[in-house]
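Asks: Knowing the structure of chain S, use the given hints to seat chain W on it.
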Amino acid sequence: MTAVDNTQTSSSSRRTIELVVLVGLVTAFGIISALVRFPLEEGEKLRDVIGIIIGAGLTFIFYSFLYRDNPLFKIAENLYVGVALGYGAIITWRQSLRPEVYDPLFRAVTSEAFWHELSYRVVPIVLGILLMTRLSKKHSWLSRYSYGLMVGWGAGMGIFVVTDSYILKQLEGAIRPLQKIVTDPDVAANLSFFDQAWPVVGSLVILIGTVSVLFYFFFSVPHKRLGSGFSRVGISYLMIAFGASFGYTVMGRMSLLIGRVQFLMFEWLKIKQ
Amino acid sequence: MATPQEQIKRMTIIRHIIYALVAAAVVLPYIVKMDMPFSASKWSKKMYEAIDKLEPGSRVLLSFDYDPAAEAELYPMSMALLRHCFKKDLIPIVMTHWPDGVGMCKKACEEAAAESPKLWGKEKISGRDFALLGFRVGGADLILNMGENLKGAFTKDFYDEPTAGMAALEGVDSLRDIDMAVDLAAGIHVQVWIAYGHDRFDFPLGAGTTAVIAPKLYPFLQTDQLVGFLGGLRGAADYELMLEQSGKATQGMQAQSVTHVLLIVMIVVANARFIVNRLRGKQEA
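Chains as they are written, first to last, in UniProt numbering: chain S, 1 to 273; chain W, 1 to 285.
Since the hints were made in silico from the structure, they are not lab data.
Some clues are possibly wrong.
So the derived list for chain W, only partly shown, Cβ under 8 Å to chain S, looks like this [what the hints assert, rightly or not]:
#1 A72
#2 I194
#3 A255
Below are the DSSO-like pairs computed for lysine-lysine, each with C-alpha atoms no more than 30 Å apart in a straight line [said to hold, decoys possible]:
#4 S/K270 with W/K122
#5 W/K87 with S/K74
#6 S/K272 with W/K107
#7 W/K46 with W/K122
#8 W/K107 with W/K156
#9 S/K169 with W/K53
#10 S/K272 with W/K156
#11 W/K53 with W/K216
#12 W/K9 with W/K33
#13 W/K33 with S/K270
#14 S/K45 with W/K53
Built from N, CA and C at the ideal position, the CB exists for glycine as well.
Chain S on its own, in the form it takes in the complex (with noise of 0.2 Å):
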């Protein structure tokens, strides 16, 4: 027997096994939901506990791809894209398009009304169907109608509110400590040593920050000597932004994993809280 056999051999019976473990899983799956969720209590609906045993078995099926990637993580992963394009569609219909554009227009009284309502719409109205365009390959240019003018409408109203609420604003937020116990005598004169410093030391804390970290993406001029040592300090800065991202990254992601734990304790086995 050569070793590509006894590769062979162990990879099918690994996945005998793996078929095994599966249909053991599924069978427990449906005896415990069985078991806990059957009969009804009084005021439960049939639809909501199928829902919860279908939200249960698909949250299982999504934790499965740590263990391996598997046809029923891609089956469950297809759905939940499916499930909600056309929950959003359906929501974008009913909220969105239906009262702003189907009703007043459709559902006019009279023509002077379906005129008037169409008056103001039809400009919005033909370049979403401009949009439309993208779909064919002979007429998609007529969708760059509509996408210049989102696009200037974006970077119109973008770049005043862009530089004011985002530049200015927190340039303004920088100094403003500083400039309270500087200009105010009344804040410095109630103010003890520490409360006077700590603005200071921390508005010095973001000044070096910010310049160190803007120095470190400067390519113009060789990083050399002292120049060196500032952008490290700039790297620095950055590593600990990073950190801080990580670290509410892997709380976030901890939280979804409790937010699932709660939903099958509590909702699908019903273990009292």
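Replies: Chain W alone, transformed into the frame defined by chain S:
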């Protein structure tokens, strides 16, 4: 020396052991009773105080910009905020920028209204004590539209009731007429609300986000563009603590603490192993 296949197999086993340990760390606090007290953070307190000091009848706009994927973190926040509004007789106006978020808005409003008589002895009715506006497309444009004409932006509420003449929206013609807004977001919408809402129409704005995007929002606190902030499950637990209403977030904090301890231990062990392997490699060389 282990072959590459053996190394991959060993790493896979270690990976599975780590998953099992994390799962055990999350489940354990629900089986074994643990007492891990925590106190509300500074920015959660500021958010609570900003809402708590509003007069009864004040309008609080709640924008629930998240979908079921962020339910674990943001739904407890939504419930805590709605409970607080109902407790203080404030009038929440609930909306979302996410089509997938409509279900979450509806569920939260109906659940909070249903439990209100039992919790606070107050019956809450849609259209009178709260408004569920639902979803509209537009993002930043929708906010600008609401700033000019709120009832024009939402001609009907989620239940197809016309917003004109709705008691909950009486006197609210634009965003300038609301007393406070809170955005609970799983994406970039807080920044959009800051730039296109708060900075243009001048109303107090608070935010609650998933932990993943929380670090990006701290700069907006020092500039007073946000009056308060709830970050992730911890932020929701803080709010529940101040409201004295233990909910899913508070229950989740025990599991959160245990998993954090486990992760710290694993990071230390992995780094120690890395250093030992490196030193051993140097000695062999």
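Asks: State for each hint whether it applies.
Replies: Now the hints, each set against the structure:
no., hint, in the structure
1, A72, "holds, 2 Å"
2, I194, "holds, 6 Å"
3, A255, "holds, 5 Å"
4, S/K270 with W/K122, "holds, 29 Å"
5, W/K87 with S/K74, "violated, 45 Å"
6, S/K272 with W/K107, "holds, 22 Å"
7, W/K46 with W/K122, "holds, 26 Å"
8, W/K107 with W/K156, "holds, 19 Å"
9, S/K169 with W/K53, "holds, 26 Å"
10, S/K272 with W/K156, "violated, 40 Å"
11, W/K53 with W/K216, "holds, 27 Å"
12, W/K9 with W/K33, "violated, 37 Å"
13, W/K33 with S/K270, "holds, 18 Å"
14, S/K45 with W/K53, "violated, 41 Å"
Comparing the model with each earlier hint shows violations of hints 5, 10, 12 and 14; every other hint is respected.
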